[in-house]
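Student: Given the coordinates of chain B, assemble chain E onto it according to the supplied hints.
In order, the protein sequences belong to chains B and E. Just so you know, the first sequence maps onto residues 2 to 380 in the numbering used here. Just so you know, the second sequence maps onto residues 6 to 377 in the numbering used here.
Treat the hints as calculated values from the structure; they're not laboratory data. Worth double-checking, as some hints may not be accurate.
[What the hints assert, rightly or not] Pulled a few chain E residues facing chain B out of the computed Cβ check, cut under 10 angstroms:
#, residue
1, LEU10
2, ILE11
3, PRO20
4, THR107
5, TRP174
6, GLN175
7, GLN335
8, ARG339
9, GLY343
10, ASN344
11, GLY355
12, MET362
13, ARG365
[Claimed, not checked] Straight-line Cα separation of at most 30 angstroms, DSS-like style, residue types lysine-lysine; simulated pairs:
#, chain 1, residue 1, chain 2, residue 2
14, B, LYS153, B, LYS71
15, B, LYS71, E, LYS134
16, E, LYS235, B, LYS153
[What the hints assert, rightly or not] A few chain B residues that don't get close to chain E, going by computed Cβ distances all over 12 angstroms:
#, residue
17, VAL17
18, TRP38
19, PHE41
20, THR54
21, SER151
22, PRO182
23, SER191
24, GLU197
25, SER211
26, GLY212
27, GLY217
28, ALA249
29, PRO295
30, THR316
Quantities reported herein were computed from a predicted structural model and do not represent experimental measurements. From the three backbone atoms N, C-alpha and C, an ideal C-beta is built for every residue, glycine too.
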Amino acid sequence: MVGWLYFVGAYGSLVVINGIITYQLTPGKWLESHAFWDGFFNPTYWPATLLRTGIALMMAAAFMIFPAAKSREAGTRLVRYIGGWLVAGSLISYVGYRWWEAQLGETTRALFLGDSPTLASLAATRSFTLWALAAALVFGIVFLMVIPRSIKAIVPGVLVMVAAFAFFGGWERLREGSRKPFLIHSHQFSNGLLIEDIERINSEGVQAYSGWASIGGSDDPVEVGRRIFKIECSSCHTLGGYQSITEALPTFEEMLAVAGNGPPGSAAAAYQAGCASCHSDTSFDEMVEVMPGPEEMLEDPEMIHDLLVGMITATLEQLRDMGQAYVDADRTVQFDTQTTAYPMMPPFVGNDEDLEALATYLGTLTHDGGLPASTGGGQ
Amino acid sequence: MIPDLIPAVDAAGLPGPVWLFQFLLIFTFFLHLLFMNLTLGGTLLAAVSHTLAGGRGDDPRGVLAKRLIGINGYGISMTITTGVAPLLFIQLLYHQFFYTATILIGGMWLSLLLLLTIGYYAVYLYKFKGAPARGHGGGAWLWTAAILFMVIGAIQVAVNLIHMQPGTWQALAGNPWAILHDPTFIPRYLHFLLAGVAMSAMVVTWWAVRQSRRGIDPDLNGAIARFAWKWVLWASVLQIADGLWLTMALPKEVLLGLMRGGGATMGPFTVGILFGIGILVMVARCTDPVSRPALVTATLGTTLATMAIMVVTRDQLRSIYMGSSVDLSQFVIRAQWGNFVLFAILLIIGLATVYYMVRRVLGEPAEGPDAA
Chain B
2 MVGWLYFVGA YGSLVVINGI ITYQLTPGKW LESHAFWDGF FNPTYWPATL LRTGIALMMA
62 AAFMIFPAAK SREAGTRLVR YIGGWLVAGS LISYVGYRWW EAQLGETTRA LFLGDSPTLA
122 SLAATRSFTL WALAAALVFG IVFLMVIPRS IKAIVPGVLV MVAAFAFFGG WERLREGSRK
182 PFLIHSHQFS NGLLIEDIER INSEGVQAYS GWASIGGSDD PVEVGRRIFK IECSSCHTLG
242 GYQSITEALP TFEEMLAVAG NGPPGSAAAA YQAGCASCHS DTSFDEMVEV MPGPEEMLED
302 PEMIHDLLVG MITATLEQLR DMGQAYVDAD RTVQFDTQTT AYPMMPPFVG NDEDLEALAT
362 YLGTLTHDGG LPASTGGGQ
Chain E
6 MIPDLIPAVD AAGLPGPVWL FQFLLIFTFF LHLLFMNLTL GGTLLAAVSH TLAGGRGDDP
66 RGVLAKRLIG INGYGISMTI TTGVAPLLFI QLLYHQFFYT ATILIGGMWL SLLLLLTIGY
126 YAVYLYKFKG APARGHGGGA WLWTAAILFM VIGAIQVAVN LIHMQPGTWQ ALAGNPWAIL
186 HDPTFIPRYL HFLLAGVAMS AMVVTWWAVR QSRRGIDPDL NGAIARFAWK WVLWASVLQI
246 ADGLWLTMAL PKEVLLGLMR GGGATMGPFT VGILFGIGIL VMVARCTDPV SRPALVTATL
306 GTTLATMAIM VVTRDQLRSI YMGSSVDLSQ FVIRAQWGNF VLFAILLIIG LATVYYMVRR
366 VLGEPAEGPD AA
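Next comes chain B alone, as it looks inside the complex (with noise of 0.2 angstroms):
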């Protein structure tokens, strides 16, 4: 009785969050009604309690390995049970998952699927997770089913838990990174930015919309464009460490490199690396015409500073553009962010003067690539 009531409470758990966590990447019929039960039973509420369903089969079973391998009186008998149940909990899982994966809008599929996906290490996720169910199905037949008595050595266990563990943990990391760049898709994003908000934002100015883009007082720009990439930005990229903000930003060295000053042949190399995904229109040569000698920049690194912040200002304009996308889309369907020019990312907001004091704190971190020495890449 007891172990029913434990089961009902835990499943029941299962079943709730999961209409929270489902909502969340696939609002469907929400963004228009704006009802709870529509939000709740979205699009992947079904397949995602069937995939969840079957984790939890394979977790228990996976847990309770090394107790039967333990158990004198079950012995094989008892891994038996357990290897089908993981098997059972496998095969669920796999539905579940391709039903799931059927369910996702078209324009969030393309962050992992197809010939090129906008987000590479999502496709690397993506299969990571499959190769690793595929691990758990077969390790389960063999070594649970077939020859239970293999896991009186310690490895054959060991081997279907972490396959079992790789791949809830793969399809979780799978289902977070899918929602980029909402927090709840088509309306709010990952910042904690309303699409609603976007145009006041834009019109006010970030300082005006909230308090903290002012707190300490100070006026100097780098000191308002701190704050206004911890509001902004800071819940995704952190100064050093993931999602580097540091790296993805030009620096002077980067653009030394492209200019011509290394081993002959590497500058073709630095500009496909540092250069190529923000400047796909513009071939090497035709950049390293339009740019200073590696002589010249050395002699004049302010300049070069100054034509680092007008390509972070650029960007940043274009991100800000982006916002009216938003704005002007039907916000009663699922939008499309194949269409904006950074997909994974929520626009830039704020006004003109916002967006300079941003450019202008970015600018500081481009200061020999690295980072200011007090901040640790903690932020």
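Tutor: Okay, now just chain E, sitting in the frame of chain B:
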């Protein structure tokens, strides 16, 4: 110029009237406190008792430690699950304040999960590797759990103090540790800690008296009851002193606000103090609780009533602290009564399930190595 740091109210509105969520916040927080007191104070009392017993499980104080951890095996999970409801209700009503506070001490706030996980495991390690399983040892695990739970309590006090004082946010943004310098931090923290110890000792006394009166190990249960009763007494004495300290440490305008609230605020506050003194008088009147079972039961009942009243006062203090910073009437109400009925039914089923399980545990406590 002081910037306005309070975020805008969520335009999505509230799914029901404000009073309903205020009631649910207070009610579910009281439920949380019932179990939280046993987790926080009970683990500390168990660690002290275990140490006083020299780590032996056959000493009455060692048995007391075993019993408290026996309760906590279930109690910690109940503390966590009952903690979710008030956490959700506070975010519903005070999201601009509470969410901001958790961000200001983000590292500490997130570390809570890690501390809780380690503390919970430590309790189980004591149970399965220390005194309950082997009859001796395990004190290090017990102290680990007690200290981690006390740190969690301090984080909770910090986040609550921050959320109701938006005037401190600007300073805290640069140095979140400055919250430790809030004059009310230590007395407020001690108020929870001492309440936890007193209630845990009270529950242990009540149970030992009950067992003793039924003729089960009367000597052992008598010794446990007398030992725990002394903890109720001294924790209550310190609680009254600390309550005075906390009251005096409150910002002047908050204290004045409490007084100006008239019967609505001074009523519960005064009754709470009188009940606290009443507990002290009841405990001091008796040195052998086994001979006065009715008094013990009445003291336990008064302890629970005092907690309930103090939860109301705590909520009123929040409103006074926040003053004009908060205006709950600005919420747009978009009632969803169907969902509320569903919630209420599930809450009743949940509470009935807990009642059923507590009865099962009290009636047929699990024994042996499989008793989790």
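Student: So, for every hint listed, does it hold in this structure?
Tutor: Going down the list of hints, with the structure as the test:
Taking 10 angstroms as the C-beta cut-off, the interface hint given for LEU10(E) holds, the closest approach to chain B being about 4 angstroms. For ILE11(E), the suggested interface contact is upheld, since its CB lies about 8 angstroms from the closest CB of chain B, less than 10 angstroms. Of the supplied interface hints, the one on PRO20(E) holds, with its beta-carbon coming within about 8 angstroms of a beta-carbon of chain B, less than 10 angstroms. For THR107(E), the suggested interface contact is broken, since its CB lies about 14 angstroms from the closest CB of chain B, more than 10 angstroms.
A distance limit of 10 angstroms between C-beta atoms decides the matter here; for TRP174(E) the minimum to chain B is near 8 angstroms, and the interface restraint holds. Annotation: GLN175(E) was flagged as interfacial toward chain B, and the flag holds, the nearest CB pair being 6 angstroms apart, inside 10 angstroms. The interface hint given for GLN335(E) is violated, since its Cβ lies 17 angstroms from the closest Cβ of chain B, which is over the 10 angstroms cut-off. About 9 angstroms separates the beta-carbon of ARG339(E) from the nearest beta-carbon of chain B, less than 10 angstroms, and the hint is met.
Proximity of GLY343(E) to chain B holds as hinted, the smallest CB-CB distance being about 8 angstroms (cut-off 10 angstroms). Using the Cβ-Cβ criterion of 10 angstroms, the hint placing ASN344(E) at the interface with chain B is satisfied: the shortest such distance is roughly 6 angstroms. Because the smallest distance between the Cβ of GLY355(E) and any Cβ of chain B comes to about 8 angstroms, under 10 angstroms, the interface hint for this residue holds. Satisfaction of the interface hint for MET362(E) is found here, the shortest Cβ-Cβ separation to chain B being roughly 7 angstroms, below the 10 angstroms cut-off.
A hinted interface residue such as ARG365(E) counts as satisfied when its beta carbon comes closer than 10 angstroms to some beta carbon of chain B; here the least separation is about 7 angstroms, so the hint holds. This hinted pair checks out: LYS153(B) and LYS71(B) have alpha carbons roughly 8 angstroms apart, not beyond 30 angstroms. Distance restraint check for LYS71(B) and LYS134(E): the Cα-Cα separation of roughly 19 angstroms lies within the 30 angstroms cut-off, and the hinted pair is therefore satisfied. At roughly 53 angstroms between alpha-carbon atoms, LYS235(E) and LYS153(B) are farther apart than 30 angstroms, so this suggested pair is violated.
Once the 12 angstroms rule is applied to beta carbons, VAL17(B) is inconsistent with being away from chain E; the minimum gap is 9 angstroms. Non-interface status of TRP38(B) relative to chain E is broken: a Cβ of that chain comes within 12 angstroms, the nearest being about 9 angstroms off. Consistency note on PHE41(B): stated as away from chain E, yet its beta-carbon is not over 12 angstroms from all of that chain's, at 10 angstroms minimum. Every beta carbon of chain E lies more than 12 angstroms from that of THR54(B), the smallest distance being close to 20 angstroms; the non-interface claim holds.
Here SER151(B) stays apart from chain E, with its beta-carbon at least about 28 angstroms from theirs, past the 12 angstroms limit. Distance check on PRO182(B): its Cβ is at least 20 angstroms (rounded) from any Cβ of chain E, clearing the 12 angstroms threshold; non-interface status holds. Every beta carbon of chain E lies more than 12 angstroms from that of SER191(B), the smallest distance being close to 15 angstroms; the non-interface claim holds. With a closest Cβ-Cβ approach of about 8 angstroms to chain E, GLU197(B) is found to fall inside the 12 angstroms limit, against its non-interface label.
Residue-level check failed: SER211(B) sits 8 angstroms from the nearest beta carbon of chain E, not beyond 12 angstroms. The non-interface label for GLY212(B) is inconsistent with chain E: the shortest C-beta to C-beta separation is roughly 3 angstroms, within 12 angstroms. For GLY217(B), the condition that its CB be more than 12 angstroms from all CB atoms of chain E is violated, with the nearest at approximately 8 angstroms. No beta-carbon of chain E comes within 12 angstroms of the beta-carbon of ALA249(B); the shortest separation is about 23 angstroms.
Residue placement check: PRO295(B) keeps its beta carbon more than 12 angstroms from all beta carbons of chain E (closest about 42 angstroms). With a closest Cβ-Cβ approach of about 27 angstroms to chain E, THR316(B) is found to remain outside the 12 angstroms limit, as its non-interface label requires.
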